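Take -15 as the starting number for the sequence shown in my numbering and just add one per residue.
Rather than coming from a laboratory, the hints here were simulated on the basis of the structure.
Take the hints with a grain of salt, since some may be wrong.
Pair by pair, the computed Cβ-Cβ distance ranges are [as the list claims (entries may be wrong)]: (1) Glu57 / Arg36: 18 to 28 Å; (2) His37 / Gly64: 15 to 25 Å; (3) Asn9 / Glu29: 31 to 41 Å; (4) Asp78 / Gly43: 14 to 24 Å; (5) Arg60 / His37: 28 to 38 Å; (6) Gly6 / Thr38: 32 to 42 Å; (7) Gly39 / Arg70: 31 to 41 Å; (8) Thr38 / Arg60: 15 to 25 Å; (9) Arg70 / Arg23: 25 to 35 Å.
Just so we're clear, the structure is a prediction, and the values are computed from it rather than from any experiment.
Note that beta-carbon positions come from the ideal geometry of N, C-alpha and C, so glycine has one too.
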Amino acid sequence: MTSGVAPRPPRSERGPTKLFVGGLNWDTNEAGLTEAFSRFGPLVEATVIVDRHTGSSRGFGFVTFEAPSAAAEAIREMDGAELDGRILKVNPADRG
């Protein structure tokens, strides 16, 4: 039985869409992360990781794009860029 839809390529061929964003300013929130990264393409989500006991930022987060091409552009443009006075480290979060 065929549905007429081509099978989806393996994840490794599509490229990562979830990125690790390190070096965040303690005051950077999810709205700021979304604003900084949404210029590269539609986001599925943007999350700043917080300490569960204090509620304070742990200085890193994740952004997930709809398209691997947007994620790749974000890595090229944002790795080493400054956000809220801090230099970011941006790389794929998937460890395949």
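Item to complete: Quick one: which hint numbers does this structure break? Sort them smallest to largest.
Response: Those not satisfied are hints 1, 2, 3, 6, 7, 8 and 9.
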